[in-house]
Structures are given as C-alpha cells and as structure tokens.
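Participant: Make one complex out of these two single chains by using the hints.
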Amino acid sequence: MNDWPLWEVFVRSRRGLSHVHVGSLHAPDAELALRNARDLYTRRQEGISLWVVPSAQIVASDPGEREAFFDPADDKVYRHPTFYSVPEGVEHL
Amino acid sequence: MPNVSFDDLLADDGRVEPRDPMPDGYRRTLVRQIAQHAHSEIIGMQPEGNWISRAPSLRRKAILMAKVQDEAGHGLYLYAAAETLGVDRADLLDQLHTGRQKYSSIFNYPTLTWADVGAIGWLVDGAAIVNQVPLCRCSYGPYARAMVRICKEESFHQRQGFEILHTLSHGTPGQRAMAQDAVDRYWWPALMMFGPPDDDSPHSAQSMAWGIKRFSNDDLRQRFVDMTVPQAEALDLTLPDPEIRWNDERGHYDFGEVDFGELTEVIKGNGPCNRERMAHRLRAHEDGAWVREAAAAYAAKHAVPEEGAA
Ligand SMILES: [Fe+2]
Ligand SMILES: [Fe+2]
Numbered sequence: 189m190n191d192w193p194l195w196e197v198f199v200r201s202r203r204g205l206s207h208v209h210v211g212s213l214h215a216p217d218a219e220l221a222l223r224n225a226r227d228l229y230t231r232r233q234e235g236i237s238l239w240v241v242p243s244a245q246i247v248a249s250d251p252g253e254r255e256a257f258f259d260p261a262d263d264k265v266y267r268h269p270t271f272y273s274v275p276e277g278v279e280h281l
Numbered sequence: 242m243p244n245v246s247f248d249d250l251l252a253d254d255g256r257v258e259p260r261d262p263m264p265d266g267y268r269r270t271l272v273r274q275i276a277q278h279a280h281s282e283i284i285g286m287q288p289e290g291n292w293i294s295r296a297p298s299l300r301r302k303a304i305l306m307a308k309v310q311d312e313a314g315h316g317l318y319l320y321a322a323a324e325t326l327g328v329d330r331a332d333l334l335d336q337l338h339t340g341r342q343k344y345s346s347i348f349n350y351p352t353l354t355w356a357d358v359g360a361i362g363w364l365v366d367g368a369a370i371v372n373q374v375p376l377c378r379c380s381y382g383p384y385a386r387a388m389v390r391i392c393k394e395e396s397f398h399q400r401q402g403f404e405i406l407h408t409l410s411h412g413t414p415g416q417r418a419m420a421q422d423a424v425d426r427y428w429w430p431a432l433m434m435f436g437p438p439d440d441d442s443p444h445s446a447q448s449m450a451w452g453i454k455r456f457s458n459d460d461l462r463q464r465f466v467d468m469t470v471p472q473a474e475a476l477d478l479t480l481p482d483p484e485i486r487w488n489d490e491r492g493h494y495d496f497g498e499v500d501f502g503e504l505t506e507v508i509k510g511n512g513p514c515n516r517e518r519m520a521h522r523l524r525a526h527e528d529g530a531w532v533r534e535a536a537a538a539y540a541a542k543h544a545v546p547e548e549g550a551a
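Chains as they are written, first to last, in my numbering: chain S, 189 to 281; chain F, 242 to 551.
Derived from the structure by calculation, the hints contain no laboratory data.
All values derive from a computational prediction rather than experimental measurement.
Be careful, since some hints might not be right.
Stated by the list, open to error - Label-pair ranges, simulated between beta-carbon atoms: (1) F:GLY340 with S:HIS209: 28 to 38 angstroms; (2) F:GLY529 with S:SER237: 25 to 35 angstroms; (3) F:ALA313 with S:SER237: 15 to 25 angstroms; (4) F:HIS444 with S:HIS280: 55 to 65 angstroms.
Virtual Cβ for every residue (Gly too), placed ideally from N, Cα, C.
Just chain F, same shape as in the assembly (with noise of 0.2 angstroms):
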C-alpha cells in the first residue's frame, strides 16, 4: 500500500488520522473547533445541572443526572479527541478559563423554570444533533468517532427534553404556560446555535473542503426547523415567529430573520450568564484541586517499581 498524500486522502473521501501528515491550518482548525466543541458540552452542565436538585419527581432526577453526566462524558471524548492533535487538555482548560477558547453562545442563556429543561433538551439538544450527525463523516477519523458515540447518546436527551414538555403542555395551565414560555425563550437562541448565515460565514469554505463541515450553516438551520415545527404542533406548542409557514415550491419552512446581533454580542460575553457560567466553572475547576493532588499522591505512593512487578 503506497503512502497516500493529504489531498488524495480527503478526494477519495479517506478519513486523516493522528499521525498522517496534515497541513497546519488543518491541525488548527481542527484544535479549535473540537476544544471549543469540548468546552460547550462541560460549559453545557451548568444550566440543566441547575435543576438537578429541584427535579420534580425522582424519575426526572435520575433522568437528568444521565444525561448531565453524559454531557461531561462528551466533554472527555472530545478532550481526548483534540489530544491526538498533539495538545494537552490541560492547555485546553487554561485556554477556556482564561477567555482565549469560546464554547457555544446557548449555554450563556439561564434556565429560569423547570420547563426550561424540557426546551434545552428539545431545541438545543436537537439542534446539536443536526449540527453533530454530519461531524461523524468528519476527515478527521478520531473526532469522526467521538462523534459517533456522542450522537447515539443525544438521541435519549433530546427526547425526555421533548417529553417533559409534552407533560407540562398536557398538564395544568400554569404547567402549559411555563412549557410555552421555555419554548418562547429558546427557539431563537437554538437557531443560533448554527452559527452566522452562510454570507458571513469567513471560514465554512475552507472547512467543507477539508471535510471538517460538510453542510453550510444555513442548510443545517433549514433542516432543523423542518424537523422541529411539526414536533412543536405535536406538543401543542407555538413557536414563537409569525413567518413559519411551509413553502411547497422550496419543499421547506419559511421561517423568519434571526437576529444575528444578538448571537455576536453573546459570543463576545455579553449574553445573560457569561460571566456567571465562567466564575462557576473556575471555582469548580479550583475547588477540584485537592483531589486531583490527592490521587496523584496516592498514586505515586503506591506506584510499584518496574523490577517489583510479577
């Protein structure tokens, strides 16, 4: 088997593995997309983990303890996904916790009501499917397989997300209202979440030919809609944009202008809880020191000499 360049392998739709050669700009982008992906699903516990405590019924409890606990079992993969690339979580973490990495724009929105879990894991949990599923075709094979394991998971998160605001749109009014105010206050941050439209989008070109992305922002944004207004007529839920209405020459849902303002103003901190998510992930990271020093000491302690080995 004759060695394979870097462009061969990417025009014969081939996956780039840790070792292989690969431009700088490739191994860049890569870096910072999966480190910024990482830090989004550890950044991403602090909303719903809000709730934990204060769930309902012992079902939804334990329900959203799985699923939390999946997203910090998403944050490792992908940690150890970006680590093949030659840099180390530890780098990674100081880069978040010093401002110079981003982790999405949603996870700065506060989750006000019980509902709000029920709209994260419907629209936001949704829309991270939409976003993810290509990534598992990514060149890039060991991001190309956290991406696997990761979207099995989200499938159980979108789902109780869609069922806990099924019950509260079937229970009483005040449940059916706190369901539809969620849902008010989550579908245009969720549409969001697919970035910039595809106009000003500077560097989607050079990621769809790398095989990094493999759809513009826009068709992602477009195919989450469609998938999502007819769930929302299933819920008995409106979505909040007079516009939505389906288009039969297109064959989509015509739906109206996200305010883009607003996704670059929370990218740049000034969405509702920047600064809340950072300080309480920093304190956490502080507060986690002593076990980490804890266990490396026991390790060391008991660490068993080469020779001493049976």
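Excised from the complex, chain S in its bound form (with noise of 0.2 angstroms):
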C-alpha cells in the first residue's frame, strides 16, 4: 500500500515570531495537508498561521560534506564583536 506524500509543517505562533518547523504529516493535497497541519499542530492555539511544503521540495546540505560546506565561517572570528579590543572605559561600542 502506497501512503500519501509527506509534508513538512511550519507554524507561526503569534506575530512578531518567523514559521518555525514542527513536524510533518501525510496529506494527498496541500488542502488537506493544511487541514490536516491545524488538527495535528495547533489544536491548543498553538499558531496563527500555517506553512506546508512538500517534503520532497525541500533541498538539504549533505551532513557528510557538513565540515568542508561550513567551513569558510571557521577562521573569520573578526566578524565577532568580541574580537576587538576597546580600551578600558570606552561605553557604547
């Protein structure tokens, strides 16, 4: 027997705050995924607004590669603040 394609669920609790992923479900259409994401997800007012996105949409980085794919971030710590030095006293920087 061959279920119905996976989705990926994002919910936004309240404004002010992004979609942040929750889970996924199985729907036959977006429709009902969305209905079917309200009844799984949100049945204690967790969200006001909805995302589904078929899961086979979505584009992953590959975690075997995860060291050389983040690596350029690695020896750039002077995109920190705390990488410079302020002299003693010096307020607001």
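Facilitator: Dropping the structure here:
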C-alpha cells in the first residue's frame, strides 16, 4: 500500500515570530495538508499561521559534507564583536 | 565544525539527527520502539472511545473526545518520527495489522464502567507520563521532540481522569464503589506498563548506553508508586495492595510483587481484549480505504501541472 505524500509543517505561533518547523504529516494534497496540520499541530492555539511544504521539495545540505561546506566561516572570528579590543572606559561601543 | 562521530555525540549527550551516521542496531531499536509507541497511541483510542457515546454529561463527552483525539495526534507525531529513520508509516501499520509489531499490553484490558475512563486517565496516562518524560531527553532528536509535544498534552489527560474519580468517590455509595472497582482492576496492569523487572530486561542496558532509555524499569515503577500513593489518599480510594507502606530507610513506598506472568500472557496475545482490539483496528483501517482512495483520486484530478502554476 502506498501512503499519501509527506509534507513538512511550519507554524507561526504569534505575530512578530517567524514560522518554525514543528513536524510532518501525510496528506493527498495541499488543501488537506493544511487542514490536517491545523488539527494535528494547532489543537491548543499554538499558531496563527501555517505553512505546509512537500517534503520532496526541500533541498538540504549534505551532513557528510558538513565540515567542508561550513568551513568558510571557521577562520573569520573578526566577524564577531568580541574579536576587537576596546580601551578601558570606552562605553556604548 | 568538524564531523563528530556517533560515539562522540552520545558521550557528549548530543542529539542524533536523521541523516547522521548511526549503528544499524541503534536504528532498528528506535524503529521498533517508536513504532510500538505509535501503535499504542492509536490502539489506546479504543478503550476510551468505547465511552464517548455514553459519557455522563456534555462536558465529560467534549473532554473525552479531545483526549482521544490527542491520542490520535500522538500516534501521528510518532509515526512521523519513525519515518525519519527511513521506514514507511504504511509498512509499520502493516506490521501492526499482521501482529509482527506490538502495542502496550495495557490496552488489552476492557473498560467496563465509566469509572474506568477515570482510572485510565489517572493511572494509565499517569504511568505513561512517568515513562515518557525521560524520553524527552532521548538521544534521537525527532523522537525527543515528539515526546516534548506529547508530554505537554498528557498532563490534561491525567488530570481529567483524576477529576472523574474524585467526583465519583465523593458521589453516591454506588458511584464510589464503581470508582474503587476501576482502581482495583487498573492498578496492577498500570504497574506492568513499566515492563519486566530490571534483572529480566535483556535490552535495557544497550538502550541505556545508547541514550534511548534514561532510567531502569524498576526505577520508573518506583517513581510512579511514590507519586500515586498520596494521590490515592487524596481521592479517598485504596490501592489493591496490602503491602504498600512508606519505608523511611529507603525514602520510598514499598509495594507488593507484580505478577509478571500476567504481563507475559497479555503480551503473547492472551489478554482479555487482544483479539477485539486487533479486529477493531483492522476493520477501521479497511472501512477507511474508500476515504483514502477518494482523497487520492481528488488530489490527482486537481493536480496543477508544473508549468501552469502561477
Ligand atoms: Fe498519548
Ligand atoms: Fe494520554
């Protein structure tokens, strides 16, 4: 037996916050994915907005390549404010 | 950030995520445990669903429907967590339907009276919470996240059960007797929910080493007894075990011997309701086939061709 396609569900819990991934579900189409997501992930007013995305449409970085993929950021500590020395007594900097 | 090995991750109490390398045994253990857990949630809808149409008031009925719907949701969270390990929900259901995977033995006991709905909420959901809270720190990320969500929802389940029993135990003598009878029948099976004793639990050590299990069966059982005995006193009901008494030296309640022979029998399929639960589950699945087919046909008919999408 073949199941309905998988969808990833994202919920915005309130204004001012971004949508956050909460889990996934099976549904035959987008409309039912939204309704199922409402019933499954917002039974207690956890959200004011929902996104559903077909899981097959998500492009992910390769965990095996993680080191090489993210290594450009490894040697750039000067991107952080803590890299800089500030003379004693200087404020608001 | 260097790639960390599975063992380093565990040693560091880190979380394993779906596409990380992991030993085959770890993956298989998780699939079996999460699937069994998911099956328990959906089979667990049956004993209580049995009372929805006969709930004593509209308030109780709305609450019970919400609880049973939560259990369906718990099943779905868990099937989704299992699927991140590369298995299909449809296959897992198939394994349940053909008896190759199990569900918790507690759901093979009947709900004979309305008070049983109270006893299930208080004792069965109560025991489930004790089992599940440590799973929120399970080493496998998707399982741990599903458990956080589930545990948040469980506390209402336990409270509504406690409230049902409290109302009954302070009602007429008949209602009080009904509440006591339900507690008498559900107490020991609830203690069995923690599984076999530690010296007869062959997979526990490995699960502990893998960070799937955090506490031993007997430790969790003791924790449940310790929190439940005072609650029974508050309900003014007795627990059917004359050996329960506070042990000052241990700092715990002593309690009697659990009949694990009964647990083995129920797991083997010889509980009071094993056949009924499976037959009902199969019937529900087969009766729902036309809905699944209709929804798929509708989706296919209305599928927008890629180029046509604005
Ligand atoms: Fe549950
Ligand atoms: Fe529950």
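Participant: Between F:GLY529 and S:SER237, does the C-beta distance stay in 25 to 35 angstroms?
Facilitator: 30 angstroms, holds
Participant: Just tell me: holds or violated, for the beta carbon distance of F:GLY340 and S:HIS209 against 28 to 38 angstroms?
Facilitator: The hint (28 to 38 angstroms, Cβ to Cβ) holds, given that F:GLY340 and S:HIS209 are roughly 35 angstroms apart.
Participant: Should the hint that F:ALA313 and S:SER237 are 15 to 25 angstroms apart at their CB atoms be regarded as holding?
Facilitator: For S:SER237 against F:ALA313, whose Cβ atoms are near 24 angstroms apart, the range 15 to 25 angstroms holds.
Participant: F:HIS444 and S:HIS280, beta-carbon distance inside 55 to 65 angstroms?
Facilitator: 59 angstroms, holds
Every hint from the earlier list agrees with this structure, and none is contradicted.
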